[in-house]
Amino acid sequence: MGITTVIRPKKTFSWNDIREIWQYRELLYFFTWRDLKIRYKQTTIGVLWAIIQPVSTMVVFSVFFGSLAKMPSDGIPYPIFVYTGLLFWQFFSAALSQTSSSLISNAAIITKVYFPRIILPVSGVITQFVDFFIASIVLIALMFYYGYVPHLSGLLILPLLLIITFLASVGGGLFLASINVKYRDVKYALPFVIQILMFITPVIYPASIAGKYSWLLAINPMTGVIKGARGALLGTEPINWALLLISFTAVFILFSIGFYYFKKTERYFADIV
Amino acid sequence: MEPIIKVKNIGKKYKITHERGSYISLRDVITIAFKNPFRFAKTKARQVTGFEKKEEFWALKDIDFSVNKGEAIGIIGRNGAGKSTLLKILSQITPPTTGEIVMHGRIGSLLEVGTGFHPELTGRENIFLNGAILGMTRKEIASKFDQIVEFADVVKFLDTPVKYYSSGMYVRLAFSVAAHMEHDILLVDEVLAVGDTEFQKKCLGKMEDVTKENGRTILFISHNMDAIQKLCSRTILLEKGSVMKIGPTKEVIDYYLNASHGQNAVLEFLNNPQKASSIRRISILRNDGTPSTQIPVSEPFKVKVDFTVHGPIKRSVLSMFLYSGGELLLLASESDQTKNLRDYEPGDYSTTIDMPAHLLGLGTYFFHISLQQPKSIAHDIQKDIYLEITDKGNPRSEIFPPGYYTGKISSILNFKTDKIN
Numbered sequence: 001m002g003i004t005t006v007i008r009p010k011k012t013f014s015w016n017d018i019r020e021i022w023q024y025r026e027l028l029y030f031f032t033w034r035d036l037k038i039r040y041k042q043t044t045i046g047v048l049w050a051i052i053q054p055v056s057t058m059v060v061f062s063v064f065f066g067s068l069a070k071m072p073s074d075g076i077p078y079p080i081f082v083y084t085g086l087l088f089w090q091f092f093s094a095a096l097s098q099t100s101s102s103l104i105s106n107a108a109i110i111t112k113v114y115f116p117r118i119i120l121p122v123s124g125v126i127t128q129f130v131d132f133f134i135a136s137i138v139l140i141a142l143m144f145y146y147g148y149v150p151h152l153s154g155l156l157i158l159p160l161l162l163i164i165t166f167l168a169s170v171g172g173g174l175f176l177a178s179i180n181v182k183y184r185d186v187k188y189a190l191p192f193v194i195q196i197l198m199f200i201t202p203v204i205y206p207a208s209i210a211g212k213y214s215w216l217l218a219i220n221p222m223t224g225v226i227k228g229a230r231g232a233l234l235g236t237e238p239i240n241w242a243l244l245l246i247s248f249t250a251v252f253i254l255f256s257i258g259f260y261y262f263k264k265t266e267r268y269f270a271d272i273v
Numbered sequence: 274m275e276p277i278i279k280v281k282n283i284g285k286k287y288k289i290t291h292e293r294g295s296y297i298s299l300r301d302v303i304t305i306a307f308k309n310p311f312r313f314a315k316t317k318a319r320q321v322t323g324f325e326k327k328e329e330f331w332a333l334k335d336i337d338f339s340v341n342k343g344e345a346i347g348i349i350g351r352n353g354a355g356k357s358t359l360l361k362i363l364s365q366i367t368p369p370t371t372g373e374i375v376m377h378g379r380i381g382s383l384l385e386v387g388t389g390f391h392p393e394l395t396g397r398e399n400i401f402l403n404g405a406i407l408g409m410t411r412k413e414i415a416s417k418f419d420q421i422v423e424f425a426d427v428v429k430f431l432d433t434p435v436k437y438y439s440s441g442m443y444v445r446l447a448f449s450v451a452a453h454m455e456h457d458i459l460l461v462d463e464v465l466a467v468g469d470t471e472f473q474k475k476c477l478g479k480m481e482d483v484t485k486e487n488g489r490t491i492l493f494i495s496h497n498m499d500a501i502q503k504l505c506s507r508t509i510l511l512e513k514g515s516v517m518k519i520g521p522t523k524e525v526i527d528y529y530l531n532a533s534h535g536q537n538a539v540l541e542f543l544n545n546p547q548k549a550s551s552i553r554r555i556s557i558l559r560n561d562g563t564p565s566t567q568i569p570v571s572e573p574f575k576v577k578v579d580f581t582v583h584g585p586i587k588r589s590v591l592s593m594f595l596y597s598g599g600e601l602l603l604l605a606s607e608s609d610q611t612k613n614l615r616d617y618e619p620g621d622y623s624t625t626i627d628m629p630a631h632l633l634g635l636g637t638y639f640f641h642i643s644l645q646q647p648k649s650i651a652h653d654i655q656k657d658i659y660l661e662i663t664d665k666g667n668p669r670s671e672i673f674p675p676g677y678y679t680g681k682i683s684s685i686l687n688f689k690t691d692k693i694n
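Protein sequences, first through last, are from chains A and B. For the first sequence, the positions run 1 to 273 when my numbering is used. For the second sequence, the positions run 274 to 694 when my numbering is used.
Any given hint might turn out to be false.
Said to hold, decoys possible - Derived contacts from chain A toward chain B, CB cut-off under 8 Å, selection only: (1) R8; (2) K37; (3) K41; (4) S105; (5) I109; (6) K112; (7) V113; (8) P116; (9) D185; (10) R267.
As the list claims (entries may be wrong) - Restricting the straight-line Cα-Cα distance to at most 27 Å, the calculated cross-link-like pairs of lysine-lysine (DSS-like) are: (11) A:K41 with B:K342; (12) A:K264 with B:K315; (13) A:K182 with B:K412; (14) B:K286 with B:K548; (15) B:K417 with A:K37; (16) B:K665 with B:K648; (17) B:K474 with B:K485; (18) B:K612 with A:K182; (19) B:K612 with B:K503; (20) A:K263 with B:K681; (21) B:K656 with A:K263; (22) B:K334 with B:K286; (23) A:K182 with B:K286; (24) B:K485 with B:K436; (25) B:K689 with B:K656; (26) A:K37 with B:K412; (27) B:K412 with B:K342; (28) B:K308 with B:K281; (29) B:K342 with B:K288; (30) B:K315 with A:K182; (31) B:K575 with B:K474; (32) B:K342 with B:K575; (33) A:K37 with B:K429; (34) B:K665 with A:K187; (35) B:K665 with A:K41; (36) B:K286 with B:K315; (37) A:K41 with B:K436; (38) B:K485 with A:K263; (39) B:K575 with B:K612; (40) B:K342 with A:K187.
It is worth saying that the hints were derived from the structure and are not from the lab. For each residue, glycine too, the CB sits at the ideal point set by N, CA and C.
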């Protein structure tokens, strides 16, 4: 006993919701565990998949953009330049597409059991973290190969970059997941949108080619993240704190919108999913 | 003592949208908004200001009741009466539109067995996953693990993915996890309708233990009146979203069952000339010919079926299906037992079914009468006709106290006793 539950017509948000997410942290763990288990069980090559994907993309990009198109890369070998960008970008894009479908694909659970719904999209993003860490092994290998030693201060900034990426994925994912419940054609539009987003993010090119308009790119939080990562790991430029602040603000706004919209529509999920 | 569940004035409103399908596409919304921005804005504005009312439907209205700790409450009602909606609100899956519910203690809801089971995962993994989804902590699941496995009887297959399980094993494992939830309040929806009879019995027994020994509170939805009667002390009857009756289980069930056709011994049905034939009237007659639904156990009685055949029907048969309490089919019998079925010319017919004395034990029964061409056409069927067998004039009740071991079948067996020594 000791627990009292009061059910009322739902408000959009109350502080209790935050406490509740903490109470359900084990379920968050189990959903993440399940997704990882299934992903690596169903494919024969399993964990290797997390490496093959970014590496093969890196190879293709290096050949076409690096060697053939002679894309500038701030004087860094193109493979390592593009791989740093891809590492963060693939985390973001995969998390975004996984979270956007997280409610639909768990409809059977949503309509039968109560738990804070936000756990599902959040666990979708956390799952991608694992892929990220596996894929970053390749980056370490590349850094050895090309002889790059990161600054200590650069390493310290990595967690901050991860937090920004995490919040961007969760914020965007929450928004997409909730509109996906209502409008099922979102999933057809999303891959296309992600594709376009990649081209307005300096993944395959350096942000410097935008010249004096490069600050505009900074509104896209992933720009700050990728630039920051290159600066920290490859020493392309000093850390641009102003840029990171813009990214952080943008991500905070994105997250707030996503969170608000998710909470607003959350109560109807079980009725319409 | 304060009730463990207090439900006050709960209502749930759904909006009926006339859009195609259950969801709309973003593409459509955008196209409409661009093609006709003014009309789009106008409709939106009207909806917001409440000028244009969407069609509404109250799935539940003014529900009030309270439950004390350790009680088992049954919830019955026809399909669409709002039972599942009520349970969904109680388990917080969907919020109410009005009202308030206060519950004390940990709540576990079991709207389906095996929620979240993943076919690729093994039995062991699914126990943990399903347990977590049902709100158990990892520690709890680990400590109950052996009991769960034993109850489900799947020890040998623990490390096999559940996609290779037979449906029986799957259901057993799923129920077993649910049955070991240590919650103060359990909300259960018709989950006993799964598995084989043997296992259903085991489940029911387990649920009884849970309330009686551990003092937990159960809310139990079922169509199976026998199960409700066995498990629940009080029952709520829902009808069209409101509480129709609430009280001791037996009273409520009797009321509910009678309400389907009333206690009329002579039931008239509409003649439908569109059909090949219609059952027009069904009468329950006592031995002396007077219509009654109350039949003394020691008297024979008759069921008379009048029907009209509109177009000729071939090789057809009249059947009676007799049910006890909930869904237990006690007896099925036909007008023709041999392969040579009868052809019926257009006209009116009357069939009398002789029911011998001491066929049925004390209690309430239902029967369906159907006219059908076996294996192909059901011409007409009338369901849920009510019948009660009473103790009146039962010589047995002079020997034993009333209700002493009354079986559903009350045939008198011949006991032959010889003194051999």
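(request) Quickly compare the C-alpha distance for A:K263 and B:K681 to 27 Å and report which way the hint goes. (result) Violated, at about 55 Å.
(request) Take the C-alpha atoms of B:K315 and A:K182, compute the straight-line distance between them, and say whether it is at most 27 Å. (result) holds (22 Å)
(request) Compare the distance between the alpha carbons of A:K41 and B:K436 with 27 Å, and conclude whether the hinted pair is satisfied. (result) Cα-Cα ~14 Å, so holds.
(request) Measure nothing beyond the straight line between the CA atoms of B:K474 and B:K485; if it is 27 Å or shorter, mark the hint as holding. (result) holds (16 Å)
(message) Holds or violated: B:K665 and B:K648, Cα atoms, limit 27 Å.
(response) violated (41 Å)
(message) Given A:R267 as an interface hint, is its Cβ closer than 8 Å to any Cβ of chain B?
(response) holds (5 Å)
(message) Hint check: B:K417 vs A:K37, CA-CA at most 27 Å. Holds or violated?
(response) holds (23 Å)
(message) Given the hinted pair B:K286 and B:K548, is their Cα-Cα distance within 27 Å?
(response) violated (39 Å)
(request) Would you check whether A:K41 satisfies its interface hint, that is, whether its CB is within less than 8 Å of any CB in chain B? (result) For A:K41, the interface hint holds, since the closest Cβ of chain B sits about 6 Å away, which is under 8 Å.
(message) For B:K412 and B:K342, compute the direct alpha-carbon distance and say whether it is at most 27 Å.
(response) holds (26 Å)
(request) Decide if the proposed pair is consistent with the structure: B:K575 and B:K474, CA atoms, cutoff 27 Å inclusive. (result) Cα-Cα ~34 Å, so violated.
(request) Double-check A:K112 for me: the hint is only fine if its C-beta lies closer than 8 Å to a C-beta in chain B. (result) holds (4 Å)
Comparing the model with each numbered hint stated earlier shows that hints 4, 8, 11, 13, 14, 16, 18, 19, 20, 21, 24, 25, 28, 29, 31, 32, 34, 35, 38 and 40 do not hold.
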